[in-house]
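Chemist: Chain residues, written in single-letter form:
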Amino acid sequence: MTAEPGRAWRDTPLVFERSRPGRRAGRPPRPDLPVPELPGSLRRSQPPRLPELAEPEIVRHFTALADRTFGVDTGFYPLGSCTMKHNPRVHERLAALPGFRDLHPHAEDEDAQGALELMWNLQEILAEIAGLPAVTLQPAAGSQGELTGLMLMRAYFDERGEERDTIITADTAHGTNPASVTMAGYQLARVETDARGNLDLADLRAKVNERTAGLMLTNPSTLGLFDEGIEEVAEIFHGAGALLYYDGANLNAVVGLSRPGDMGFDIVHYNLHKTFSQPHGGGGPGGGPVAVRESIEPYLPAPVVVRDGDVFRLDHDRPKSIGRVRGFAGPFGVFVRAYAYMRAYGPELRDMSEVAVLNANYVLARLRDAYDLPYDRHCMHEFVLSARNLKREHGITALDVAKRLMDYGIHPPTVYFPLVVPEALMIEPTETEPKERLDDFVDAMLAIAQEAAESPEVLKSAPHGRPVRRLDEVRAAKQPVLRYLFDEHPALVT
Amino acid sequence: MTAEPGRAWRDTPLVFERSRPGRRAGRPPRPDLPVPELPGSLRRSQPPRLPELAEPEIVRHFTALADRTFGVDTGFYPLGSCTMKHNPRVHERLAALPGFRDLHPHAEDEDAQGALELMWNLQEILAEIAGLPAVTLQPAAGSQGELTGLMLMRAYFDERGEERDTIITADTAHGTNPASVTMAGYQLARVETDARGNLDLADLRAKVNERTAGLMLTNPSTLGLFDEGIEEVAEIFHGAGALLYYDGANLNAVVGLSRPGDMGFDIVHYNLHKTFSQPHGGGGPGGGPVAVRESIEPYLPAPVVVRDGDVFRLDHDRPKSIGRVRGFAGPFGVFVRAYAYMRAYGPELRDMSEVAVLNANYVLARLRDAYDLPYDRHCMHEFVLSARNLKREHGITALDVAKRLMDYGIHPPTVYFPLVVPEALMIEPTETEPKERLDDFVDAMLAIAQEAAESPEVLKSAPHGRPVRRLDEVRAAKQPVLRYLFDEHPALVT
Amino acid sequence: MGYLSLTDADRAEMLAAIGVSSLDELFDQIPPGVRFGRELEVPPALGEAELARHLEELASRNVHTGSELSFVGAGIYDHYVPSVADVVLSRGEFLTAYTPYQPEMSQGTLQAIFEYQTVICELTGMDVSNASGYDGCTVAADACFVARHVSDRRKVVLAETLNPQVRQVVKTYARGFGFEVVELGHRDGVVDPDELGAAASDAAAVFFQQPNFLGCLEDAPALAAAANDAGALSVAHVDLMSLSVLESPGAYGCALAIGEGQSAGNWPSYGGPHYGFLASRSDYVRRMPGRIVGETVDADGRRAYVLTLQTREQHIRREKATSNITTNQTLLALAGLATLSWLGPEGLREVGETCLALSQYARERVPLEPAFDQPVFKEVAFRTPMPARELVRRARERGVNPGYALGRDYEGMEDVLLVAVTEKKTVEDLDRLASVIEEVCA
Amino acid sequence: MGYLSLTDADRAEMLAAIGVSSLDELFDQIPPGVRFGRELEVPPALGEAELARHLEELASRNVHTGSELSFVGAGIYDHYVPSVADVVLSRGEFLTAYTPYQPEMSQGTLQAIFEYQTVICELTGMDVSNASGYDGCTVAADACFVARHVSDRRKVVLAETLNPQVRQVVKTYARGFGFEVVELGHRDGVVDPDELGAAASDAAAVFFQQPNFLGCLEDAPALAAAANDAGALSVAHVDLMSLSVLESPGAYGCALAIGEGQSAGNWPSYGGPHYGFLASRSDYVRRMPGRIVGETVDADGRRAYVLTLQTREQHIRREKATSNITTNQTLLALAGLATLSWLGPEGLREVGETCLALSQYARERVPLEPAFDQPVFKEVAFRTPMPARELVRRARERGVNPGYALGRDYEGMEDVLLVAVTEKKTVEDLDRLASVIEEVCA
Ligand SMILES: Cc1ncc(COP(=O)(O)O)c(C=O)c1O
Ligand SMILES: Cc1ncc(COP(=O)(O)O)c(C=O)c1O
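Sequence order for the protein chains is A, B, C and D. Position 429 of the first sequence, counted from 1, bears residue number 429 in this note's numbering, the numbering being contiguous throughout. Position 249 of the second sequence, counted from 1, bears residue number 249 in this note's numbering, the numbering being contiguous throughout. Position 433 of the third sequence, counted from 1, bears residue number 433 in this note's numbering, the numbering being contiguous throughout. Position 220 of the fourth sequence, counted from 1, bears residue number 220 in this note's numbering, the numbering being contiguous throughout.
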């Protein structure tokens with residue numbers, strides 16, 4: 001045993017390695033009743049090797065793992081496209097109210113009036129924000145919102161007897177868009193971005209035709225730029241009888257400032273975990289409600305929440321519905337948080353977006369001389385820089401910059417996305433950051449640009465202050481070890 | 001701005017330094033009513049300089065401070081005399097049940113039957129554990145329990161018309177004992193410890209007389225040793241008409257194994273935050289109930305919880321009571337946790353103490369050759385080593401050992417107490433530690449003993465892996481800076 | 001707004017640094033025709049205290065599991081969620097981090113997911129698990145998408161005893177996959193292996209549930225064998241809480257095991273968020289949807305964890321990805337990990353045995369005829385002498401919610417009541433259920 | 001037992017290492033005559049789920065502030081506890097650490113206490129604060145002990161308008177301090193400065209409360225001046241939530257300021273745990289009881305925090321200590337720090353103004369005669385046309401708990417009702433109170 005500063009932080013055994021045969025924490029109730037015998041073939045033959053620990057070490061284990069995790073609560077987290085804003089603590093209290101947390105989803109509508117009213121209120125606010133009248137809360141995340149949207153398009157065209165098989169996405173689109181297109185059974189076409197960062201209208205006109213079902217677009221785009229030709233874009237699609245789908249990942253830029261419905265979009269998804277502060281939870285949960293124009297409303301997934309006078313109910317009787325995309329009426333706990341967030345802002349939700357845009361532009365202004373700026377415009381809530389100048393001059397990549405930021409106590413931005421920008425650094429500060437945190441980040445980025453010139457090896461070998469250094473990701477993929485294997489667990493040889 | 005590994009951990013501004021004029025988090029409700037004018041002399045003249053922050057930075061601030069704090073949830077914490085055991089997580093849930101957390105202490109008894117029943121049940125279990133019939137839950141901590149006990153003695157002798165002015169404590173006694181004696185208006189006398197670590201009976205006999213009100217004793221003592229002559233001790237005091245007070249700080253050693261009442265003690269306090277797992281909270285809260293013999297029961301602080309058939313009530317009508325020592329009926333939230341703890345163990349509370357003793361003896365056995373053992377006996381739930389061998393041979397003190405342990409990710413034991421052992425290291429592992437954590441500690445202690453010989457300077461300058469190195473404590477006391485002074489805050493010059 | 005930090009001074013400084021005179025200039029890029037010209041018509045802002053009061057009022061109008069003695073299950077169960085789950089759910093670091101794209105920042109989340117994957121593999125008997133799907137329904141659609149890539153067949157077979165919502169979701173997705181969906185009826189509450197084998201002969205995948213939605217235990221090994229023999233992927237939809245007493249899908253030869261994780265560590269929460277799990281044999285690892293964490297080393301040779309096999313995923317493979325999922329249900333899955341670690345093998349076995357014992361007791365004690373003659377795990381279906389919904393209504397007037405009326409999903413089962421227990425129920429609870437049912441049927 | 005980790009194998013190994021053949025041998029040191037020979041007669045062990053059920057059942061039998069509209073205050077108030085307090089209360093590190101004896105391990109706790117001390121000093125206008133006392137009662141006894149050391153006088157004067165429980169605790173402690181306790185009556189709800197000055201002439205200390213227990217605002221500056229002029233320590237018992245609108249004790253010349261911290265950041269919790277605060281002018285710093293944190297530097301010159309002036313304390317000074325306190329109420333005090341940081345100066349002013357506005361509205365709206373003609377802050381005493389307890393009983397039948405019957409503490413006030421508001425109450429709440437009172441008095 002040696003004492004190495006920070007050693008404890010670095011070494012955290014697997015929960016299985018903390019296990020000892022015969023230890024236990026939970027003691028479930030055991031009624032004084034005989035346990036019936038099961039038919040032999042149905043009975044478990046090999047007991048599962050769950051970890052065996054008493055409670056104290058379980059708590060320490062997860063505490064230690066939390067210590068090795070960086071969240072928004074830890075510090076600045078400008079992960080572009082992900083809107084890593086502050087998650088109000090009161091939401092955790094509210095979602096845990098017994099009337100919400102312990103409500104069974106098979107409850108009769110009359111026993112869930114509070115929950116249904118909350119969902120109905122949430123729908124109303126979402127509709128107002130999107131400028132579209134009808135909302136389904138069911139989709140579990142943005143990606144599922146996309147897929148739902150594409151299914152809605154199909155149902156819409158089916159009823160109209162139109163056969164349209166192609167969806168157009170931008171070359172800046174998030175990977176979920178093309179993936180959703182395939183899952184929905186559509187063909188994909190791609191439209192290019194012009195020199196100002198808008199959709200290339202000429203390219204678009206050439207690609208839209210009677211086989212085109214619709215467009216999927218993020219606006220502002222993943223470049224953080226509002227499409228200045230959005231009105232023409234909408235005209236082109238609507239002119240061809242096609243629909244427009246709004247990927248709401250970047251809605252945080254425009255709440256109260258510009259509405260997708262007014263831009264011409266027919267279907268919109270929201271990411272409740274981005275714009276409306278459901279905590280990201282290390283990967284999820286999320287919420288991906290979808291709003292649509294009246295003409296598409298009949299196809300929404302069932303059930304939907306409706307209001308009859310003062311009474312709320314789940315309407316399952318939706319003959320034209322595309323069907324169900326998830327269990328029950330959606331991730332209710334996420335709705336509680338999103339609704340609380342909206343009610344905390346009220347009409348000042350507009351401030352939220354304004355400050356998000358202001359913060360991003362401030363950081364952009366302070367960094368534009370040290371990094372390459374591929375599109376020289378004001379940005380919306382995020383912006384994309386390129387490290388290609390550092391790469392050209394010093395061999396320093398976007399990844400090196402990202403890793404070195406960690407040593408400054410800052411989470412890296414999104415890197416290498418969107419694909420149209422080489423060595424991309426996609427920076428989204430969010431509105432909940434105070435100016436000092438923005439300045440810390442700028443200072444760190446400027447210091448790194450200088451380090452790139454003066455001591456590039458420090459960057460190449462960064463991070464230096466995290467529990468681990470850079471990982472061998474090739475090995476992880478080539479010799480995959482995807483679970484603990486107990487006695488047969490492969491030894492780590494380097 | 002420079003990047004230094006672990007830098008963020010080291011630098012945490014004061015909440016006042018994160019403040020900017022005009023920022024805010026909470027927005028209290030503001031009814032649409034006029035605010036009445038107060039008479040000028042009653043009106044606040046200078047606004048308090050509370051910090052001004054939005055919520056995101058408040059959360060980060062306290063998260064960062066928590067990160068700089070080591071608790072039982074972080075790792076091994078063998079702080080002798082403090083019983084730093086695991087604090088079950090379910091207690092936090094239970095204490096937060098609205099029926100407990102939101103219950104107003106002026107509630108009528110009939111509206112607090114659940115709370116009163118809990119308190120009554122708790123009293124019953126405490127009484128059974130102590131072997132004494134009557135319990136008050138009111139005292140806020142062990143020290144207040146002591147003071148209450150001494151007040152009870154006075155009331156007892158007052159009624160009997162006896163003037164007794166002296167309390168005897170052991171030379172191993174915790175500082176609270178003599179301090180309580182003074183606060184209760186008694187004189188102090190001190191009895192010595194013999195070579196086996198028991199009270200010196202001869203010394204005791206010489207000191208007990210008709211002026212003696214009583215004895216205050218910790219048993220097992222702060223040396224972690226059960227007083228083998230306890231029956232004689234009790235005889236001596238009772239023979240002189242005096243009373244025995246049991247400082248329950250070390251009760252964790254004997255629950256279900258030996259009862260203070262059976263040992264001859266007349267008054268006992270419990271430390272609910274030690275034996276019964278109320279989390280220590282960085283210093284508190286605690287709970288210090290007191291149990292007494294029947295003859296002392298009339299003097300207990302009012303109110304006490306009584307049971308009439310199936311109904312529970314607070315009895316305020318206690319004409320002989322010493323009076324109230326704290327607000328209301330005691331720290332109720334602490335009772336919820338302590339009661340839950342006892343109910344989780346049931347009669348197996350005895351296991352708790354047995355394992356506490358086993359763990360301590362195991363660590364003792366493995367360390368006895370490397371450190372000095374002043375009393376060569378089996379210990380109870382804790383034991384005291386001395387680093388005098390290291391001091392003599394290598395100039396390494398108990399403090400150096402303590403500071404070096406930090407680099408091994410372990411909280412130091414209590415040091416320099418009890419006063420009768422030079423270079424004392426007072427080690428209490430508690431029962432909730434698995435053997436591996438005990439072994440880690442032993443390995444670290446053995447490594448340190450070796451380092452003392454081989455590289456003493458590493459120990460002298462330890463810790464090396466904490467957010468700060470050793471502090472200038474003299475300066476803190478000589479030039480006290482006890483609050484932030486804003487613009488006039490003294491600069492730190494070293 | 002207490003979530004925002006900029007002061008007027010901050011704003012002025014920042015605008016100056018940007019080089020604009022007002023915030024509006026930043027929005028010049030929004031064409032005037034699509035600018036929103038008015039204030040949002042949404043209810044006014046509430047401070048935290050008012051917000052809490054408003055939501056407490058809404059919550060108080062729901063009848064939750066604490067307000068009556070309830071035997072409703074049917075997919076969502078009232079198992080005990082231990083307090084160690086709070087350690088995961090309440091830690092800001094777990095809560096406010098995102099997908100661990102930067103492994104050096106997220107070793108905690110990554111290691112926990114790796115542990116979760118191991119637990120899922122152990123319970124299901126599979127080789128590989130992903131980091132979670134949305135819920136027990138969507139993982140079935142995901143499994144179809146796996147089947148679509150490993151098979152040329154374009155049909156999937158769903159046992160009618162599979163959770164109705166799961167079937168609905170599969171049907172919704174099937175259209176995009178170009179899959180025909182066939183449902184297979186039950187005989188006395190379970191699926192017949194021969195019938196299943198016949199239906200599977202031209203199917204890409206076959207889905208069944210164990211224990212099934214009617215509460216019955218299928219002859220799962222026979223069903224899996226029938227599907228496998230027919231050249232279809234066999235997919236078992238299972239309940240994690242049963243897998244200490246019921247055989248694992250891996251042991252009886254399934255290709256994939258999926259399910260709803262809620263019962264292990266999540267609150268009912270009116271339907272979510274929960275986690276779906278999806279595990280498979282190693283044959284299908286490169287067709288798995290979603291995040292997967294793998295073990296590797298860092299530059300110093302230290303063990304470390306990282307998202308791996310990312311060439312399956314949408315951000316790399318785009319339209320050729322194995323799924324479009326990105327945000328998943330990690331936090332809920334980790335609550336599941338904490339819960340299952342807390343139970344351990346013994347605890348989980350005891351939960352299973354308690355469920356078996358209580359459901360058997362219910363079967364004997366409740367004065368109704370069991371609807372099916374099959375072994376059960378934690379749910380028992382009974383025939384009711386009046387419409388089951390009517391019986392439910394009457395029993396609830398007496399403070400007991402006796403179960404789920406299967407007629408809500410199954411035509412012809414209007415007189416079948418599905419009674420669910422978990423280890424939280426007691427003999428006294430079941431006695432009370434029995435006597436209330438006796439009363440309302442008298 | 002899920003809190004214990006030792007396996008049988010562990011035990012055997014450990015006994016071998018110790019060199020004993022059984023656990024019993026370790027207990028040889030306990031004389032046979034005092035060994036406990038039977039099993040503890042306590043209720044049987046409960047698993048966590050059963051434990052939760054049992055305590056939930058107990059909790060459900062209490063009528064808490066959420067179950068009726070309540071205007072009961074009288075020392076414990078239903079101010080809003082913001083969710084940022086949970087960050088302090090739920091973090092394992094804060095929760096499971098103890099007194100920061102080893103500063104290198106506890107910089108977080110120490111810095112937070114230093115911040116707390118600063119906040120208390122700012123609010124009270126004092127120079128130094130300790131790290132907390134047990135509650136608002138015991139800090140009064142602590143203040144007496146300060147007075148006992150800085151003065152030769154052996155008397156303390158308590159305004160009768162001081163919280164009755166505070167007075168009771170002072171009386172309990174006074175015996176040990178050798179203090180005589182004198183209580184000073186009120187005139188129309190407040191203490192007369194001249195009478196107080198007279199009583200103070202041979203007193204070591206004088207205690208009054210602002211706002212006082214009857215809800216009235218004392219002429220606190222005049223009281224402090226009268227005490228000071230008489231050579232007694234003036235001690236003000238104050239409410240932190242009032243100190244943005246009411247003058248600070250420091251500004252009007254008090255020697256010490258003390259109080260109950262519950263209103264700022266703690267739940268009612270049937271009386272505790274809460275925190276008492278105690279702050280003083282710098283003259284008395286070396287007589288302060290309890291922990292005090294100071295700023296210093298570490299070996300590298302880095303700023304750091306440490307427990308200081310420890311020569312005051314029992315572990316160093318023993319029978320000469322300024323107090324016997326060791327365990328205090330740090331966690332609750334830190335919840336107070338988080339709450340007050342969340343409010344900030346503006347928020348606290350708004351809380352104060354809302355209390356002023358609502359209590360004024362109550363005074364006008366409630367159809368009862370105010371008992372005293374004095375300005376108020378958040379509590380108003382009214383005369384009732386029947387015994388106040390009877391009025392309370394009747395109003396509660398209508399779902400409103402109208403307040404605290406002062407006859408519980410003050411002879412001759414059987415017909416006085418003390419109505420408390422906080423910023424959580426609304427105009428509608430008060431209208432409802434008014435109409436219920438109208439009804440029950442009709
Ligand atoms: C632009 C964009 N579109 C879609 C998505 C998918 O959303 P989700 O992660 O909620 O499924 C994301 C985020 O990951 C995104 O950034
Ligand atoms: C032996 C002993 N006695 C008394 C006390 C005082 O107890 P408390 O801290 O609960 O006031 C302690 C602990 O600090 C102690 O260790």
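Check the hints yourself; a few may be wrong.
For lysine-lysine, the following DSBU-like pairs were computed, each having C-alpha atoms within a straight-line distance of at most 30 Å [claimed, not checked]: (1) D/K155 x D/K424; (2) B/K478 x D/K171; (3) C/K320 x A/K207; (4) A/K478 x A/K391; (5) B/K478 x B/K460; (6) B/K320 x D/K424; (7) A/K460 x A/K391; (8) B/K320 x B/K391; (9) C/K424 x C/K155; (10) D/K171 x B/K320; (11) B/K207 x D/K155; (12) A/K478 x C/K320; (13) A/K460 x A/K478; (14) B/K435 x B/K320; (15) C/K320 x C/K424; (16) C/K155 x C/K171; (17) D/K171 x D/K155; (18) C/K155 x A/K320; (19) D/K320 x D/K171; (20) A/K320 x C/K171.
Hints in this document: simulated from the structure, not taken from any laboratory. Note that this is a predicted model, so its numbers are computed, not measured.
Chemist: With reference to the structure, classify each hint as holding or not holding.
Modeler: Structure-based check of all given hints:
With a C-alpha separation of about 41 Å, the suggested pair D/K155 and D/K424 falls outside the 30 Å cut-off, and the hint is violated. Our distance criterion of 30 Å between C-alpha atoms is broken by B/K478 and D/K171, whose separation comes to about 36 Å. Simply put, C/K320 and A/K207 have alpha-carbon atoms about 21 Å apart, close enough for the 30 Å limit, and the pair holds. Between A/K478 and A/K391 the alpha-carbon distance is near 28 Å, which keeps this suggested pair within the 30 Å criterion.
The suggested pairing of B/K478 with B/K460 holds, with an alpha-carbon distance near 23 Å, which does not exceed 30 Å. With a CA separation close to 41 Å, the supplied pair B/K320 and D/K424 exceeds the 30 Å bound. As the CA atoms of A/K460 and A/K391 are separated by approximately 12 Å, the hinted pair is consistent with the 30 Å bound. Between B/K320 and B/K391, the direct Cα distance comes to roughly 55 Å. Violation of the 30 Å bound is thereby established for this hinted pair.
With a C-alpha separation of about 41 Å, the suggested pairing of C/K424 with C/K155 is violated against the 30 Å cut-off. Taking the CA atoms of D/K171 and B/K320, the gap is near 14 Å; set against the 30 Å cutoff, the hint holds. Simply put, B/K207 and D/K155 have alpha-carbon atoms about 34 Å apart, too far for the 30 Å limit, and the pair is violated. Distance hint between A/K478 and C/K320 is fulfilled; the C-alpha atoms sit about 20 Å from each other, no more than 30 Å.
Restraint check: the Cα-Cα separation between A/K460 and A/K478 comes to about 23 Å, which is no more than 30 Å; the hinted pair holds. Straight-line distance between C-alpha atoms of B/K435 and B/K320 comes to about 50 Å, which puts the hinted pair past the 30 Å bound. Simply put, C/K320 and C/K424 have alpha-carbon atoms about 46 Å apart, too far for the 30 Å limit, and the pair is violated. Proposed proximity of C/K155 and C/K171 is supported: the alpha carbons are some 11 Å apart, at most 30 Å.
Of the supplied pair hints, the one linking D/K171 and D/K155 holds, its CA atoms being roughly 11 Å apart against a limit of 30 Å. The hinted pair formed by C/K155 and A/K320 meets the criterion: a straight-line CA distance of about 23 Å does not exceed 30 Å. The suggested pairing of D/K320 with D/K171 holds, with an alpha-carbon distance near 22 Å, which does not exceed 30 Å. In summary, the hint linking A/K320 to C/K171 is supported, as the alpha carbons are separated by about 14 Å, within the 30 Å threshold.
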